[in-house]
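**Q** What follows is each chain in one-letter form.
Protein chains: 2
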Amino acid sequence: MKNRIAQRMAEINPFHVMELLQRAKELEKQGRDIIHMEIGEPDFKTPDPVLRAGIACLAQGDVGYTEAQGLLELRIKIAQYYQECYQQSVAVEQIFITPGASGALLLALAATLNPQDHLLMADPGYPCNRNFVQLFDATPKLIPVDAETRYQLTAELVQQYWCEHTKGVLITTPSNPTGTVIPDAELGRIVVQVAKEDGILVVDETYQGLLYGHPPTTALRYSEDVFILNSFSKYFGMTGWRIGWLIVPKAFTSSVLKLSQNLFIATSTPAQYAALAAFEDDNMRILENRRLEFSKRQDYLIHELLRLGFKIPLKPEGAFYLYANCADFTDDSFKFAYELLESEGVAVTPGKDFGTFQAEQYLRFAYTTSIERIAEAIGRLEHFINQKKEGV
Amino acid sequence: MKNRIAQRMAEINPFHVMELLQRAKELEKQGRDIIHMEIGEPDFKTPDPVLRAGIACLAQGDVGYTEAQGLLELRIKIAQYYQECYQQSVAVEQIFITPGASGALLLALAATLNPQDHLLMADPGYPCNRNFVQLFDATPKLIPVDAETRYQLTAELVQQYWCEHTKGVLITTPSNPTGTVIPDAELGRIVVQVAKEDGILVVDETYQGLLYGHPPTTALRYSEDVFILNSFSKYFGMTGWRIGWLIVPKAFTSSVLKLSQNLFIATSTPAQYAALAAFEDDNMRILENRRLEFSKRQDYLIHELLRLGFKIPLKPEGAFYLYANCADFTDDSFKFAYELLESEGVAVTPGKDFGTFQAEQYLRFAYTTSIERIAEAIGRLEHFINQKKEGV
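One line per chain: the protein sequences are A and B, in this order. Mind the numbering: the first sequence is residues 77 to 468 in my numbering, read in order. Mind the numbering: the second sequence is residues 77 to 468 in my numbering, read in order.
One or more of the hints may lead you astray.
Since the list can't tell identical chains apart, any single copy or any two copies may satisfy a pair.
[What the hints assert, rightly or not] Pairs of lysine-lysine residues, derived as DSS-like cross-links and limited to a Cα-Cα distance of at most 27 Å, are as follows:
#, residue 1, residue 2
1, 372, 464
2, 153, 105
3, 391, 411
4, 391, 105
5, 372, 153
6, 372, 105
7, 372, 326
8, 428, 153
9, 121, 217
FYI, nobody ran anything at the bench for these hints, they're computed from the structure.
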């Protein structure tokens, strides 16, 4: 039977954190209080204006397919958002509404990657990205990065790792798991470097709305010839709706249109109508308050983790993650995460999910829970570390 | 720039009917009355019990990710449906909730196809299916079929076309575009034939609910070792929600789980909660009435098309399509469809969208509009044909 499974499946890893999550849920069923800092999902619910727009869509009862590329009204709103937020003009023909940023990445890579192509990306990085590359029997070339380059690729690294098989580069800014942003000037240099090689550049800007002390930006500022992934999930609080968008260079729009027709038929209609309300002033005010709350949580969590002896060499500018070095406590962050869950009921994600480079030294803390709960988690973590020290 | 586009894009065709649809919409904007018989979407809206369940989901406000495989409650309901409708037991571990049958096919093929593999399928057939195969740089081997085999593959054809590159077979029963069903005994023989070759069998049962005078069936009756695609779109009237399901042979469940986590994160949460109401008695009664209405439309449309001189050599048992031979009027059904739209405002799909075998002799009529509108379309079609005859 074995040979009936596609070869690529050997290269595609499950999320390790899913097993940890399952264990966490088992413990909860047993009555344990678990603090969830492992999940990349805001604790804030979908804002009311968006919920109301979704309900209004269902109440009028017409939930048929939209056009494959997505509702024109929504694409117009997204174009306006780029104009207002980034002073960038984007043609609605280049905007595709997709089932999450996942759907956007599927389209971008299906339109560009041949088997055996290489795509450069950072290690640590969001694990789905490399698995999407494997889907097309192409190779994700993981480039080890650390605090020296803000856990991000640089133009120099792109140049250094480029080989005859390299098709392009995928960057995520702000990054998951590190929350760090590629500095503007460096982003510009990466764009130039990829263009010099006639490669493709995919920029995951899913967390652009969630920036703290750093103005929002987009790679479109530096070139129209980039694929931009974005999502209504994280900043806009619409995870379960499954809706995002892709901005496509003009040379690829007809390819991506064919793909979107064939692969999706269309994106969820209620999600599209709900998302129309996402850019309204009342909703944006709610999102701004949430961003400020995330920023407070980040400050608090950084302060406390440093106090406990974790190393966070630089303050991340965005997203809702801290990638903390725990090498002073363990040489196996995976084991550490499981022990922490079992003995203290605190769930965090081991570095192993994000790559191989120094993964055993890192834990990702998602501050997707209240400061009160984070404070409780810190107390438990302190207890755990002290017990460990005494045990040694 | 050209070489930056993936090679597969040369093999993936757009839907020709999309251009026709666009032209139809232009004509509507000009004030013309267009009868739409080109679209594979029921005119019946999502039934009220499902809409209410969707609204209830949004009203309580918690629209987070579900688990990647889908809500356990929904998978249990689907398992019960197989038990009640088909007397088949299916383990919930084998059921995956997906973004439409499209998402189900993506998972099934990603788990099985290597580049260069062949997958056998019928010509004519649903065009997305072959494009999904191209996505993985595999080859859809289109087997010409006609009325002699009910426009379906047979075990004999599978045996005849099997070669060293063949990985498996995809069948769709009832078929889109022909509405024909693979007879039970033949389905059993196909299952045996594919097993003999140690291949994979993917069975698209999207239209199984919509059968007229033929008891519902599933390939699971003949083997547990098949991939079953199904959808809430057509029979359940939930097109725009984007939700379907995949039943996976036990040997592939861990692969498909990894893929679903990576490719989708999860299926739309409101769609899943809404679908929980789909199997309730009150909803099933609504669907049964709709099925009876489709059956009446089919009878009427067959009668009228035959009267006009179209050839429909066998009565289809399901779906909401008629694949009618128009060779007596034209040797170019694509041109015929455009002319019919322009002069009479009746939109139908040319055979070209479904393959190459005798495609120029066929048109697909979707009876997804009321009998009154179908009658109006028939009147216009008759006028068009008479004008053509006079013109000759």
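**Q** Does each hint hold? Answer for all of them.
**A** Hint by hint, here is what the structure shows:
no.: 1; hint: 372 x 464; verdict: neither (29 Å within a copy, 74 Å between copies)
no.: 2; hint: 153 x 105; verdict: between (44 Å within a copy, 23 Å between copies)
no.: 3; hint: 391 x 411; verdict: within (26 Å within a copy, 64 Å between copies)
no.: 4; hint: 391 x 105; verdict: neither (36 Å within a copy, 55 Å between copies)
no.: 5; hint: 372 x 153; verdict: neither (30 Å within a copy, 43 Å between copies)
no.: 6; hint: 372 x 105; verdict: neither (31 Å within a copy, 52 Å between copies)
no.: 7; hint: 372 x 326; verdict: neither (40 Å within a copy, 47 Å between copies)
no.: 8; hint: 428 x 153; verdict: neither (39 Å within a copy, 36 Å between copies)
no.: 9; hint: 121 x 217; verdict: neither (36 Å within a copy, 47 Å between copies)
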